[in-house]
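Engineer: Using the hints, build the complex out of the two chains.
One letter stands for each residue in the lines below.
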Amino acid sequence: MIKVTRSAVIDAPVERVWAVLRDFNSHTAWHPIVGESAIENGEPADQVGCVRNFTLRDGNHIREQLLALSDEEHVSTYCILDATLPMRRYVATVQLKRVTDGNRTFWHWESTFDVPRGREREFAELVGKGVYEAGFEGLRTYLRQSRAAPAPAPRRSARGTIRCSAIVIDRHGGADELKLRDIDVQPPGPGEARLRQTAIGVNYIDVYVRTGAYPLLSAPGVPGMEAAGEVIDVGEGVTGILPGDRVAYACAPVGAYAQYRTLKADQLVVLPDSIGDDVAAALMLKGMSAEYLVRRLYRVQRGDFVLVHSAAGGVGLLLCQWAKHLGATVIGTVSTEAKARAARAAGCDHPIVTTQDDFVARTREITGGRGANVVYDAVGKDTLAGSLEALATPGHLVSYGQSSGAPEPPPMTVLSAKSATFSRPVLFHYTADPAVLREMAGNVFDLVARGVLRVEIGQRYPLAEAARAHRELEARRTIGASVLLP
Amino acid sequence: MIKVYTSSIIDAPADAVWAQIRDFNGLPKWTPFVAESRIEGGQPADKVGCVRNFRLKDGGVIREQLLTLSDYDFQCTYSILESPMGVENYVATLRLTPVTDGNRTFAEWSAEFDCVPEREQALAQQIGQGVFQAAFNSLKALVR
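Protein sequence lines, in the order shown, are assigned to chains A and B.
Just so we're aligned: the first sequence equals residues 5 to 490 in my numbering.
Just so we're aligned: the second sequence equals residues 901 to 1044 in my numbering.
Note that these hints are calculated values from the structure, not bench results.
Each hint should be verified, as a subset may be incorrect.
To be verified - Calculated cross-link-like contacts (lysine-lysine; reagent style BS3-like; alpha-carbon spacing at most 30 Å): (1) LYS268(A) - LYS1040(B); (2) LYS133(A) - LYS1040(B); (3) LYS183(A) - LYS929(B); (4) LYS328(A) - LYS101(A); (5) LYS903(B) - LYS101(A).
Chain B with its partners taken away, still in its complex shape (with noise of 0.2 Å):
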């Protein structure tokens, strides 16, 4: 099981950015890398247990499920089905919490999951930096 630990501060109040992803549908809208997303069986974006579609840039397609989403904590759990990644029990959870001082945005993003020994340094780089980070950074812009 390999963990993986991005964390970021995003220079707006914490509801402001939890608006922005707590669509589950949404990430065309603030990721770099994702071409188009939907929810699979016309289900409500933000009901636990609906599954995301979305096609990345690069082509590939994955499909997600919502396991937790807590409007209450800003925080999401979510569970990939199925990538091209060759992860396996890979869970996520995305997180936001308040710093008072600015009023600004903690942020993390953290990761579980298996994969072949010999990916694990790549996956871990490519998930930590190319995914989470680089999803931070656009959110950062969006959000300025």
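Extracted from the complex, chain A is given alone in its bound form (with noise of 0.2 Å):
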């Protein structure tokens, strides 16, 4: 009896490779020695008992039956039935498993059978390099080949650079520096992926970078950060990450407002097919962002009061949404009648219109007095001294942003009067970690399928209309999220 056994490292998630090797009949795709394949009699080919007639490219013919197939432990099971060669009692097994440092696969294959006296070594030799090796080799192929992006052909130069539009900022300043220009895309580095972006995410902090109020984009350079699309190439040691898999990404430095992008591959993250590339755009930034912010920073909880600035805006409605799931009474601040319907449909209990009442005096009343246990504010100047007021003992008070303008610190006396804990804290921070990063975002898709966040894209521009697309977020006109479309 011999035995051979032969393993490798497949950099794919067990889920991808497993998709194609569960189907018995797949290896006339990726095997380089199989010819022509069939599953006999008609039978799905991921049915134990099922029996697949091939030709190997050599010429010489196989009959191999599955006996046993587990999708929970990625494991198959097959023997030879009939084979010109002269092997006999052959039972081989494959099995993969998880790399959990690098979200790759290992993939385990080995087998026992007889063979004439004197040919041992021969066909030991022919299973482990010709089948398996080959094999492995081959699905590697396979899967950098067969997932490629049917995209428009880009223009690439010689050198692998694809030239394409983007938004530059020649100098910081108003909507006016957002100019559309040609920019060249760089092959993916080691580390590396590249992305043909098919939705472009608007956030306020892309205001910031763009004013300067925020130091990270220096001039000339494209600002944004985030979007969604495919993933075109990758460079050396990618794993996780083919090309062709749908992801998006929410992450530091700028760079997102283009048509290409490449970009570090450890920040993508793959999308499930329930979340849609403009939902994926609209969400992965602002989703994430509420869910450190209810989950991690505070972890809001039953019979919270939450009071939620701009309760209407990108993050505001998340936050309404999934405060409201976790069984707080939700408190939010509006600008318009129109703002305050849009929070209310998410799930905000009390919006308060700001230009008809004073929020603090209405926080105060809605809690018996108590004032919120946490206060979202991402206005900043115009608000976080009633913020603090209107925060109940003990509060935790966030401040996330500063739309209005950058906000006084708090004093400490004010602080230590409430037993107050005040965070200035920044999502990349939480996100640096691409494990945690998976963490958060899972969380986030996980509950758009459920149906508890609901992301309303409340405008859609072309690329080339960035600025009109800050100008209207500038001015509050827009309710939910802006994406642009490259």
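Structural biologist: Structure follows, in structure tokens:
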């Protein structure tokens, strides 16, 4: 009895590799030595007992039967029924295991069989090298090529750069500084991936970047922190991401306002089928912001009073939905009646129209004088002092943006008067660890799939009209999220 | 019951990696977080049933008992007898499998345990990443 064992690491998630290998007839597509193959009697290729009848490229002919298949364990066992090769009692098992470090796949392939005396070495070599090792390489090639994007042919130079349109800022300033221009997108280096972007998220942080309030862009440069699209190629050492994957990201550095982009692959999240590209582009930054605000920085609990400023804004609507889902009573500030309706529809129990009512007094009233357990404030200068007043003792004031300008830091004496916690968090510190990033994105996608989080894309603009998108955002004329379509 | 599973690829042959980790008293040599370790009662460190008593760099003391050890399968199993982590019924398995392509090692480390529900997520993260992955990372550097 000969035993042959070979194993390899495939730079793709185990689900991706298994989706191919669980199909007993797929070997004709990826194994270089397999010619024609068919499942006999029209049975499904994942049915235990089915028989694949195939030829090898050298002319040999084999019939193999599927003996066991486990989607739970990622195991497939099969045997040879007939072969023009002198192999007897051949039973083989393919097993995949997840490599959590790098989201890769460990592939173990082994078999036992008998051959005529004296030919053991020849067949051990044939199976080990000719079948298993060639199969590893064949599948790698298949995964790289079969999912390559059928993208409209980009303008590529000899060095592999792609020329495309982007929004470029030559100097910090108003929305007029957002100009459409051609840029060259480099091929991905080690650890990088290049995307053909299909939808780009517009966020208030993009305004801060444009004006120079946040020092994230040195001009000339391309703004934008978030987008979705398709991977067209990956650099050396990239694992878990393949060309053809539908992905999204929300991360520094800036550069999202472009048709193509090269960036660090470990910040990419593969999208589930339930999440469309435009939803992902509208959701990644805002959804993950809401996630860490209600689940990590402060854990919203049943019975909490939560005050959300800009409750009809991109993050605001998600905060209302998520806090409500967690059992809180949600109070929100908005600037118009129309926005109050949008906030109410998102689960805000008490929208306060700030042009009519004082939010501090109303919050005290709603909470029976106690104040809010947590206040989420992205307005800054105009609201922060009031937010402190509206806070319960002890309470947590979170300043995560400054759409009205940079606020004065709250004095220690004011904080101590309420045993208040004051936070000035930045999303990207929470998403820096790729494992945490995937967990955060997973929590967001899960709640979207369950219908708890709804993303309203209120505005869609062509990429060339980024300046208009900014103007409308700054004039507070938008409801829900805005996306650019390249 | 919570299950934690961490796996990695180590760029060295499995027998070389196993030589590092089969010593049940060897944690200070290859993990970044153990300050010192001894086997209780002067027993051999590869005797099933022996207890390692080690101190973490942050000061915590843990006692763990070796349940199985197989040089053939490159695998060992152990349980926690005492620890400051607040876990119960903790049983962990560390296993190596050769990767023939590139003569490397597939390393798997898994644990099952009980704890209070509020700490499940934090403990799973701490053990899976803070202990198992961190130890794999230092092992990668050691055998390179």
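Engineer: So which hints don't hold here, by number, going up?
Structural biologist: 3 and 4
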